[in-house]
Amino acid sequence: MEQRFANSWRMTVNEKKFIQTALLSDLRTDGRGPFDYRNLTIQFGSEDGSSEVQLGQTRVMGFVTSQLVQPYRDRPNEGTLAIFTEFSPMADPSFEAGRPGESALELGRIVDRGLRESRAVDTESLCVIAGKWVWSVRIDLHILDNGGNLVDAANIAALAALLTFRRPECTLGGEDGQEVIIHPPEVREPLSLIVHHLPIAVTFAFMGDQSIVIIDPSHIEEAVMGGKLTATLNTNGDVCAIQKAGGEGVMQSVVMQCLRIASVKAADITGKIKKAVELYKTSRDLKKIKRHPDSEVESHSSKKEERKHKAVIAGTSSWDPYSKAADADELKAGLASQAVATPDEKMDAIQPEKQQLNVMDESPRDADLSPSLSVAAEAGEGKNKAKSLLDAVKPKHKRKKTNLSNSDGS
Amino acid sequence: MDIERAGGRGANQLRPIDCSRDVLSRAHGSASCSHGETRVLAAVFGPKAGTKKNENPEKACIEVIWKAKTGLIGKIEKEFEMILKRTLQNICLLTVHPNTTTSIVVQVVHDDGSLLPCAIHATCAALVDAGIPLKSLAVSLCCCLNESGQILLDPSKLEEQKMKAFVCLVFPSSVHSITPEESTPATTKSTEQEIITSLTHGIMAVDDYFHCVDQGRAAITLLSNILKKKMRSQSADNSSKAA
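Sequence lines, in order, name chains A and B. UniProt numbering puts the first residue of the first sequence at 1, with every later residue one more than the last. UniProt numbering puts the first residue of the second sequence at 1, with every later residue one more than the last.
Be aware that one or more of the hints could be misleading.
As the list claims (entries may be wrong) - If the Cβ cut is set under 7 Å, some of the chain A residues that face chain B in the computed set are: (1) Phe63; (2) Pro89; (3) Asp92; (4) Pro93.
What the hints assert, rightly or not - Pairs of lysine-lysine, PhoX-like flavour, derived with a Cα cap of 25 Å: (5) B:Lys48 - B:Lys78; (6) B:Lys162 - A:Lys288; (7) B:Lys78 - B:Lys59; (8) B:Lys157 - B:Lys78; (9) B:Lys85 - B:Lys59; (10) B:Lys157 - B:Lys85; (11) B:Lys52 - B:Lys78; (12) B:Lys157 - A:Lys288; (13) B:Lys69 - A:Lys281.
These are calculated hints, taken from the structure and not from any lab test. Just so it is clear, CB atoms sit at the ideal spot from N, CA and C, and this is done for glycine as well.
So that you can see chain B by itself, here it is in the shape it has in the complex:
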């Protein structure tokens, strides 16, 4: 049943993840995240005064700028911007700084599959680095389905192109365990049942989709622990960043 994946990975095995904060000096918050070879850099500026034209002034506005590696801004970049913006609107506490704009700039350094999860992790880390108030962190995973119906996690670019379908899922993850205090287990359980974002490419059966979601959710706890550990180890060393 186990197929041979490039690199000898198992079906449920993720690529090595690395996340580092405070990589840029001018941005208010910045982070770089890599999933294997995929690398994304995110920077946060804000909150800045004023909101955009059609946005609600009673809440903070989030603006995402997605920069691809080469080429002009096209539809794909705009789609990513929209997905990221809506995902982040869910996890940020928008009522803390009303009538402000927080700009997030995402730069793709290398795309080797599961780009959106990598971007979401980088963006969350950058928001944490900037001190933007968040309701929870977002943890994201990409699952793909091959012709034989097997589900593989965290596909690389080659695998994504060969697969029948793949789905990208974003789940919330409590932010309490970033700080050294003990997290309350009761709250973490209830929030981690939700799906913030789900994006599919290709055709998959409904049952397969739910299997992917279950697989993803099972993997999320481990993934969120890794990410929080990365962020916690850096916050212990760094002093607070001047605004």
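Isolated chain A, as found in the complex:
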């Protein structure tokens, strides 16, 4: 407990020397090479536009929300994009609540420049009535755990959240056609944002006098580094932003080398983001099932049964969601053979959005998916077959259900 009495964390001289000496032989304390990224995992929350990114020990959460506002005077037909960064005090003992410090502002600006000024998000499509109503998209980035290299992680979180965010559809109505009617998600499917390209930030740290360059510094390396350079690039080869605010002077050749390395890394990270977003979108589509008689859904008998309004059957199912791989085809066969119906109201309550299920993909069982993707509200007694398909999609950790006897009912 005594070490905790100190409010800030200081690095010892021994640790500094060790890191610097190790880097002279191209060794990093966590065993990476100088140009290796840490392990990146991208997870999504239960609603659209919420992402959680873990880059090694660094954890960042991104939330995207939208609102109808009046546009800026000088851009009457463009929507707005605003980024709010919060260095939560939980990330680091030295972060304080309240006004963001300068590193928080710098991070916000780098992400902002990469996204907004490079026109990654199409703002003209956010316009509803020119000069009167436009959509304002707000991105909140919460830094949960400072394991170093917050810029890259925050950038990825912002991009992942933007790619999965959907805004409500609105139409013009009213007598004069000037009123904007926002349709709730149950009525009309929300629309995704148009993202032209993905600007990926890659951070380099410069150490020592021999201009040692490493990528993706951890927080102990950040405490030792002499200078930092963040390059935001996309896969088209465009440089969206470069940020080098002071620090050690670096030769031009080194900067060029960094940019070349950054473009390779950007392609790599873009691939990972796109893959994670695809998986999320597939599972999101699987959750929504349109219940109309003329739906063009593949006619599994299970789907037809789902249209019946039955209560959940209280029977034990022989299917264990936590055992190993249940193949999608197996499940479909299982569903078809069982006469159990999904209660529609259950699905409605959880996912009010309805969508046509075009393709039943292979079950996207992937660790990237957030545990909360699995539909909540398990019935106490029985596990529903159709819902169990969704259960196959995720949960990493077990969930306990409490089932109280009704003896103390009202």
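Once you have looked at the hints, place chain B on chain A.
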């Protein structure tokens, strides 16, 4: 008498609860708790030297920072901070580390009803993870009352908005059964009769309120067993966290 709840839950049925500790690397203690879709992340830093200005230096001071998902800090967040702080002051042993401040940061990841109970469970688990001395754990439950007078436990967001009233209750729960030793049944019974915190929204009759309290208390023993089991299973695997 049984109404149809979304998801096919019974009136007395809680959503699946999950609680995991040590989720963050920099915080001294951290935990993530989820009640169904509601998810809350809590981190504890402390004890740090010194207390705040108007606080009693003979006791440890607890500081709570509540972070909503989006938006600026407003009155609702301040209210939650105050409720959490007072609840935690009751369950922590404040005299062990006098003249120190323990900061607790709560981050709401998703709010789907019964947010305060989820936050309290996350905070307690984070305090356990940080090794802050506690008198007892806090176990919390949300009960709501619908127009027909029926009491439903652990409402979701939609249910909370439709209900006539809902009440959030926090009870103490002995901390002895976290460790592998046997808990003494005598002490557990006496402490679990108290209510630490009770927060109501909406109008309810006095009798209805007491019914809610009874229902809640009956559910608490099961809930606290689940939470302790979650915490115990993790402490068996983890080695002690370096300060």
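ask   = Hey, B:Lys69 versus A:Lys281, does the alpha-carbon distance stay inside 25 Å?
value = 22 Å, holds
task = Take a quick look at whether B:Lys85 and B:Lys59 sit within 25 Å of each other, Cα to Cα.
result = The given pair, whose Cα atoms are some 14 Å apart, holds under the 25 Å limit.
B:Lys78 paired with B:Lys59 [C-alpha distance capped at 25 Å] = 23 Å, holds
inquiry  = Hint validation: A:Pro89 versus chain B, beta carbon distance must be below 7 Å. Holds or violated?
reply    = Where the cut-off is 7 Å and the nearest Cβ of chain B is about 5 Å from A:Pro89, the hint holds.
query = If you draw a straight line from the CA of B:Lys157 to the CA of B:Lys85, is it 25 Å or shorter?
reply = 24 Å, holds
message = Need the status of pair B:Lys157, A:Lys288: alpha-carbon distance at most 25 Å?
response = Answer holds: B:Lys157 to A:Lys288 is near 20 Å, not above 25 Å.
ask   = When the nearest CB of chain B is found for A:Pro93, is that gap smaller than 7 Å?
value = With a minimum Cβ separation of about 5 Å from chain B (threshold 7 Å), the hint on A:Pro93 holds.
key: Straight-line alpha-carbon gap B:Lys52 to B:Lys78, limit 25 Å   = With Cα atoms ~17 Å apart, B:Lys52 and B:Lys78 stay inside 25 Å; holds.
inquiry  = Can you confirm whether the C-alpha distance between B:Lys162 and A:Lys288 stays at or below 25 Å?
reply    = OK: B:Lys162 and A:Lys288 at ~24 Å, within 25 Å.
key: 25 Å Cα cutoff - pair B:Lys157, B:Lys78   = 20 Å, holds
key: Hinted contact A:Phe63 with chain B - closest CB pair below 7 Å   = With Cβ-Cβ at 5 Å, under 7 Å, it holds.
inquiry  = For the restraint on A:Asp92, tell me whether the closest CB of chain B is nearer than 7 Å.
reply    = 5 Å, holds
Checked against the numbered hints listed earlier, the structure breaks none of them; every hint is satisfied.
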